[in-house]
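Visitor: Sequence:
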Amino acid sequence: MTTPKNDLFLKALRGEKVERPPVWMMRQAGRYLPDFMKLKEKYSFFERAENPELATEITVMPIHQVGPDAAILFSDILVIPQALDVEVQMVPGKGPYLPQPIRTPEQVDALPEIDVKDRLHYVYSAIDLTLEALENEVPLIGFAGSPWTILCYMVEGQGSKTFDKAKEFCFAHPEAAHKLLQKITDVTIAYLRHKQERGVHAIQVFDSWGGLLSPEDYRTFSLPYIQQITEALHEHTPVIAFAKGCWFALEEMSQMPVSALGVDWTISPQMAREFTSFHTTLQGNFDPARLLSPIPEIERLTKQMIDEFGTYKYIANLGHGILPNIPVDHAKAFINAVKNYG
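Just so you know, we're using UniProt numbering here: the sequence shown kicks off at 1 and counts up by one.
Careful: at least some of the hints might be erroneous.
[Stated by the list, open to error] Capping the alpha-carbon separation at 30 Å, the derived lysine-lysine pairs in DSSO-like fashion look like this: (1) Lys-17 x Lys-332; (2) Lys-42 x Lys-117; (3) Lys-40 x Lys-332; (4) Lys-339 x Lys-11; (5) Lys-5 x Lys-42; (6) Lys-303 x Lys-94; (7) Lys-5 x Lys-17; (8) Lys-40 x Lys-17; (9) Lys-303 x Lys-38; (10) Lys-303 x Lys-5; (11) Lys-40 x Lys-117; (12) Lys-303 x Lys-332; (13) Lys-94 x Lys-40; (14) Lys-17 x Lys-117; (15) Lys-161 x Lys-40.
Please keep in mind that the hints were generated in silico from the structure rather than gathered at the bench.
Please construct the entire structure, taking both the sequences and the accompanying hints into account.
Guide: This is the structure we're talking about:
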């Protein structure tokens with residue numbers, strides 16, 4: 001694998017000294033960019049995600065327009081349920097909807113054995129085209145959802161603030177829940193391995209709904225499966241684990257073979273450093289809503305964030321995905337404030 005011309009992001013993942021922290025934004029490939037909105041008017045979500053040319057165009061868009069130090073492939077975590085023959089619809093204005101959610105142990109048993117390379121061939125084609133389009137300028141990140149987060153959608157059938165039905169399934173049918181989590185884990189490992197083979201430079205695992213579990217339940221239903229993924233993948237490419245709302249698990253997560261841990265804005269940089277014994281690269285944790293502040297305030301807060309994390313073993317990012325209503329010049333101001341640091 002050739003090293004990208006801008007390899008700050010990879011250096012930070014390896015814990016090497018850098019002149020400034022690298023920066024990228026979760027969900028940077030998409031919804032706040034006017035050119036993305038034009039494509040959104042023409043094509044449905046899955047038309048965009050399943051068309052390698054469109055996915056490439058969307059992935060590369062922010063590199064030219066906003067200037068982050070890494071690209072993240074335009075795709076979705078819910079391609080995994082789709083690969084497992086669970087229908088996923090994207091309802092405009094509402095988000096994901098799964099008309100036939102998994103609610104019984106029998107449904108778990110009925111999920112097919114699949115060849116993920118065949119089922120999700122369009123993702124791998126998009127990686128090939130994107131690497132070509134990036135012309136080795138910046139690294140490309142591939143990603144997947146954590147098994148717990150994928151289970152949440154497969155059982156709940158839609159987005160939720162609490163995912164009560166998903167939790168009920170786990171607590172009422174723990175054996176079936178673990179069987180489902182293992183099935184998702186196995187498919188996710190295979191899915192990400194093929195991404196590594198296709199040449200992505202790093203992998204990120206998103207545990208978006210981990211923070212809905214108690215620390216004990218997190219250790220039962222999420223952490224062991226993220227651990228399996230990191231152990232299976234870390235030798236070939238750096239792995240970043242991002243568990244939103246899971247500050248309580250940072251210490252344990254720092255023991256996993258991860259190159260970095262993502263943190264959200266509900267924890268101070270000092271606490272995040274202490275919980276990870278100052279030895280893990282951290283990524284985060286600007287509140288995405290703070291990008292609605294006036295530009296001078298964005299610049300001040302970004303500098304303050306880097307001052308508090310320090311420039312060593314640190315990747316500047318948001319504490320969750322960028323919001324659709326963020327003005328592009330505000331996103332640029334955040335990126336530039338990191339680039340101009342020091």
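Visitor: For every hint, state whether the structure bears it out.
Guide: Hint by hint, here is what the structure shows:
For the hint linking Lys-17 to Lys-332, the alpha-carbon distance of about 25 Å falls within 30 Å, and the restraint holds. Distance hint between Lys-42 and Lys-117 is fulfilled; the C-alpha atoms sit about 28 Å from each other, no more than 30 Å. A hinted pair counts as satisfied when its Cα atoms are at most 30 Å apart, and Lys-40 with Lys-332 qualifies at roughly 22 Å. Taking the CA atoms of Lys-339 and Lys-11, the gap is near 15 Å; set against the 30 Å cutoff, the hint holds.
Among the hinted pairs, Lys-5 with Lys-42 is inconsistent with the structure: their alpha-carbon atoms are about 34 Å apart, more than 30 Å. The straight-line distance between the Cα atoms of Lys-303 and Lys-94 is roughly 35 Å, outside the 30 Å bound, and the hint therefore fails. Proximity of Lys-5 to Lys-17 is assessed by CA-CA distance (about 17 Å); at most 30 Å being required, the pair is judged to hold. Distance check on the hinted pair: Lys-40 and Lys-17 sit about 40 Å apart at the alpha-carbon level, beyond 30 Å; violated.
Distance check on the hinted pair: Lys-303 and Lys-38 sit about 33 Å apart at the alpha-carbon level, beyond 30 Å; violated. Restraint check for Lys-303 and Lys-5: the C-alpha separation of about 25 Å stays at or below 30 Å, so the hint holds. With a CA separation close to 27 Å, the supplied pair Lys-40 and Lys-117 stays within the 30 Å bound. Restraint check: the Cα-Cα separation between Lys-303 and Lys-332 comes to about 14 Å, which is no more than 30 Å; the hinted pair holds.
Annotation: proposed proximity of Lys-94 to Lys-40 holds, straight-line Cα distance about 15 Å (limit 30 Å). Straight-line distance between C-alpha atoms of Lys-17 and Lys-117 comes to about 37 Å, which puts the hinted pair past the 30 Å bound. Between Lys-161 and Lys-40 the CA atoms are separated by roughly 25 Å; this keeps the pair inside 30 Å, and the hint holds.
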